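Student: Take a look at the letters that make up each chain.
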Amino acid sequence: MNNVTTSVVSRQAPGQHHGPLVAVKDLEVSFRTLGGSVSAVRGMSFDIWPGETVAIVGESGSGKSTTATALINLLPSNGRIGAGSITIDGREMVGLSQDQMASVRGKLVGYVPQDPMSNLNPVWSVGFQVEEAVRANGLAHTRKEIKARAVEVLKEAGLADADRRMKQFPHQFSGGMRQRVLIGIGLAADPKLLIADEPTSALDVTVQKTILDHLDTLTRENHTAVLFITHDLGLAAERASKLIVMHRGKIVEAGPSVELLQDPQHPYTKSLIAAAPSLASRRIRGASASDDGGTTLDMARLAAHHHGTAEELHVSDAPVSIEVKNLTKVFSIRKGGFRTESLTAVDNVSFTVRKGSTLALVGESGSGKTTAARMILGLEPPTSGDIVVGGTNLNGISRKGMFNLRSRMQPVFQDPYASLDPQRSIGAIIAEPLKVHAVGDRPTRVARVKELLDQVSLPQAIAQRYPNELSGGQRQRVAVARALALKPEVVVLDEAVSALDVLVQAQVLQLLADLQEDLGLTYLFITHDLAVVRVVADEVAVMENGKIVETGTTDEIFANAQKPYTQRLLDAIPGSGIEWAP
Amino acid sequence: MLRYILRRLLQAVPVFLGTTFLIYFMVFAMPGNPIVALFGDKTPNPAQVAVLEAQYNLDKPFFVQYVLYLKNVLTGDLGTTFSGRNVNEVFGATFPVTLKLVLMAVVLEFVLSVVIGLISGLREGKYFDNASVVVALVLNSLPVFVALFLAQYFIGIKWGLAPVTVGRDTSWGAMFVPALVIALTIYVTGMRLMRGSVIEARSEDYVRTAYAKGLTSRRIVPVHIARNSLIPVVTNSAASFGALIAGTTITEGIYNIPGVGNTLFQAIIRGENATVVSFVTILTLLYVIVNILVDLLYAVLDPRIRYV
Chain A
1 MNNVTTSVVS RQAPGQHHGP LVAVKDLEVS FRTLGGSVSA VRGMSFDIWP GETVAIVGES
61 GSGKSTTATA LINLLPSNGR IGAGSITIDG REMVGLSQDQ MASVRGKLVG YVPQDPMSNL
121 NPVWSVGFQV EEAVRANGLA HTRKEIKARA VEVLKEAGLA DADRRMKQFP HQFSGGMRQR
181 VLIGIGLAAD PKLLIADEPT SALDVTVQKT ILDHLDTLTR ENHTAVLFIT HDLGLAAERA
241 SKLIVMHRGK IVEAGPSVEL LQDPQHPYTK SLIAAAPSLA SRRIRGASAS DDGGTTLDMA
301 RLAAHHHGTA EELHVSDAPV SIEVKNLTKV FSIRKGGFRT ESLTAVDNVS FTVRKGSTLA
361 LVGESGSGKT TAARMILGLE PPTSGDIVVG GTNLNGISRK GMFNLRSRMQ PVFQDPYASL
421 DPQRSIGAII AEPLKVHAVG DRPTRVARVK ELLDQVSLPQ AIAQRYPNEL SGGQRQRVAV
481 ARALALKPEV VVLDEAVSAL DVLVQAQVLQ LLADLQEDLG LTYLFITHDL AVVRVVADEV
541 AVMENGKIVE TGTTDEIFAN AQKPYTQRLL DAIPGSGIEW AP
Chain B
1 MLRYILRRLL QAVPVFLGTT FLIYFMVFAM PGNPIVALFG DKTPNPAQVA VLEAQYNLDK
61 PFFVQYVLYL KNVLTGDLGT TFSGRNVNEV FGATFPVTLK LVLMAVVLEF VLSVVIGLIS
121 GLREGKYFDN ASVVVALVLN SLPVFVALFL AQYFIGIKWG LAPVTVGRDT SWGAMFVPAL
181 VIALTIYVTG MRLMRGSVIE ARSEDYVRTA YAKGLTSRRI VPVHIARNSL IPVVTNSAAS
241 FGALIAGTTI TEGIYNIPGV GNTLFQAIIR GENATVVSFV TILTLLYVIV NILVDLLYAV
301 LDPRIRYV
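In order, the protein sequence lines correspond to chains A and B. Here the working numbering is used: the first residue of the first sequence is 1, the next is one more, and so on. Here the working numbering is used: the first residue of the second sequence is 1, the next is one more, and so on.
FYI, nobody ran anything at the bench for these hints, they're computed from the structure. Do not take every clue at face value.
[Unchecked claim] Here's a subset of chain A near chain B, in silico, CB distances under 8 Å, partners left out:
1. A102
2. R105
3. P113
4. S118
5. N121
6. A133
7. N137
[Unchecked claim] Which chain B residues stay away from chain A? Per the calculated CB distances, all over 12 Å, these:
8. R8
9. V27
10. L38
11. N45
12. F95
13. S132
14. P163
15. R168
16. T189
17. Q266
Just so it is clear, the structure is predicted and the values come from calculations on it, not from any experiment. Note that beta-carbon positions come from the ideal geometry of N, C-alpha and C, so glycine has one too.
Could you put together the complete structure from these sequences and hints?
Tutor: Written out as structure tokens, the structure is:
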């Protein structure tokens, strides 16, 4: 998209502003909090040219979203632009009144928010909310025209049956469909700049790809500049021509995407690139098993120094730890009145996981992977089929038997903010399984908690603290420590790293690999993220609509996927087409 | 939906049996003979008492009395008062008065809640917000009978702005003051609910998205903030409607309003079983029905809720 600059000039009316569409200079944004003013963006300067796509990349808390919302003053009520200037299309934005700002929003600058679930008002129909945008931006005036234009907007955004669905409510739309609605609203008035704040991070990879491809087409046709906010380097590089890397409110590095990805200058950018799992990455091994022996988190290096011996560490004649045979789960869904409909969430699924190895169960949302995991954990009774964990069949097991089995099989869940009781200290949380299963007395339990904290590389003093004092990564380590308290054989990791930033994710993945090596753990890894699968799994089972469509070793699947569905999932991994820094 | 309503109505059957039985038993167990009490200071003729007792089934054992009463109720006969009037007729005459009073009180309560709650929520922590909390707290901690006496004294007697009591004239205007007093003493719950949900709604993502569309506050406040915040307030008001229908006895007593509460109070004092039990039963059923309606109202206000 570098060759479009010439056409821009011809598109602009004579006498109109020339130069960058957006010019941000020395922007400072701070938030008022109880503890005083906290600076979120410090001395930020960048330009966006007409028709250009620029991505701001950074971890959570880096100030990337704050920058985006500051452009059209959508900051939360405690946020304030302290200094600097923002010019959009030749107009100064800092200091505009709310009413003046309203004439910029929507018309000059469109906005596509992050979470499609919370960004549409649940009590108004989708049509109402699109029509509202059409009317506000003066695109049509009579009721009929407004409705017609709204349908058009939705069709352009990729909702083919927009006519029929105008009267439906947001909860009757899937996440992908809602995001299309939001994209339609953002582009309704044909703005010169579209701010897309993590527009697809809540969606499945394949949906993400379709939606971003569509967004690309729309913005290219209309010559709309895009400011893309994301935490995903691969995605940013794939979609934007220019990258801005932010860290703690400042720009650490900026430049053309491919260049920046292949030849990063700043150490922070380098660490981000190294930590991001990609297709080129290799299975992470425990520190003791890898050649370089260090505490490296460098996946790119793992890729380069891939050693053939690694695969042989898991000999195929190790005893079977989890065996699932013809597992089926049918839910019955009430459809109003007396009708019910049955939904087969898991359909005749069979697989085995050998002791000390990792099986990744991969699929999009709704594919049944979490339901399968819940059945294996004994949290959900299967409709039919057998589950054998460590030689014990879950079918017809007594309450006491299940209780004993639970000590040998532990879960780690996705959201480290929701899975730890905020009212209890970290020490109490980790000791709870020991207490429930009456393992040891108080002093030995305290000692075991300390030992576990050491194992997950957390300071022992953390036992006296509470979950809210910990970062996301630390919390997930606590969740892992709790799962390991009873020395289980099997750990079920349900999207255990999906909520974490890439640097933290890399650390937790390394920790899991180390623990597997040291303790001979068996992992069942549930995830939608194939790039992560690449670095954690020995074997992969791909699920679609409740069925396993393909299984194989990780290398086989990634090198030579047989099923089109698997291939689609692989193609959808952001940044898969780009060569990364070695 | 239909199935849900049917299920809720079926649940009302044990409620009906339970309340009638309890009330009947409690009135039965009240000390003193109601027939004798009717004669006041005079000593009645025992034969006369026996005739009257037989007429009102008071000579039969408790369970027989109760079953006979149930049979009558189910055939639509709520019994007769001691003064010989049909209870159906008495209820028919008093209920519209109470309904009028309660409707007015609930509408006033709703308007106060929504308006004050909305402004408080939009100006969280500012002068208006703090002042409204103090005022609401004072009004809420005032017992309703104290508030009523104060209103009677100042508005009715000292300033002469409205009649001191209602009496026979049960027009909307005549009952405005007691209705307003009820509303003022209960609006705080709805107001705080509204304020809380407005504050919550203001920071919702969809409100930010509405601003990003280019809408102004003039549209966003009513359409995206107030509309969403109404859900708990409407249901709260509807619930207080149910509670008030059965709970205006004190107000009706002080303001001398010939409504259900007043009549019920007189009947309790006189020990008229049939009137007391019938009134309480009807009020209980009304309460149950209002609550079912409140639940159905949820589905109207929030399209995400569907009953199956």
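Student: Hint by hint, note whether the structure agrees.
Tutor: Hint-by-hint comparison with the structure:
The interface hint given for A:A102 holds, since its Cβ lies 5 Å from the closest Cβ of chain B, which is under the 8 Å cut-off. At its closest, the beta carbon of A:R105 sits 4 Å from a beta carbon of chain B; the interface hint therefore holds under the 8 Å criterion. With 8 Å as the threshold, the beta carbon of A:P113 comes within range of chain B, its nearest partner Cβ sitting at about 5 Å, so the hint holds. Taken as an interface hint, A:S118 checks out: its beta carbon lies about 4 Å from the nearest beta carbon of chain B, inside 8 Å.
Residue-level restraint check for A:N121 holds (minimum Cβ-Cβ distance to chain B is 4 Å; threshold 8 Å). Hint status for A:A133 relative to chain B: holds, with the closest Cβ pair at about 4 Å, below 8 Å. Satisfaction of the interface hint for A:N137 is found here, the shortest Cβ-Cβ separation to chain B being roughly 5 Å, below the 8 Å cut-off. For B:R8, the condition that its CB be more than 12 Å from all CB atoms of chain A holds, with the nearest at approximately 16 Å.
Listed as a non-interface residue, B:V27 keeps its Cβ farther than 12 Å from every Cβ of chain A; the least gap is roughly 43 Å. Every CB of chain A is more than 12 Å from the CB of B:L38 (nearest about 55 Å), matching its label as outside the interface. Interface exclusion of B:N45 from chain A stands, the closest Cβ pair being 64 Å apart, more than 12 Å. Against chain A, the non-interface label of B:F95 holds: every CB pair exceeds 12 Å, the least being about 35 Å.
Non-interface call for B:S132 relative to chain A: holds, since the shortest CB-CB distance, roughly 20 Å, exceeds 12 Å. Non-interface call for B:P163 relative to chain A: holds, since the shortest CB-CB distance, roughly 43 Å, exceeds 12 Å. At the 12 Å boundary, the C-beta of B:R168 stays outside the reach of chain A, the nearest C-beta of that chain being 46 Å off. With 12 Å as the threshold on Cβ separation, the claim that B:T189 sits away from chain A holds: the shortest Cβ distance comes to roughly 22 Å.
Interface exclusion of B:Q266 from chain A stands, the closest Cβ pair being 47 Å apart, more than 12 Å.
Checked against the numbered hints above, the structure violates none of them.
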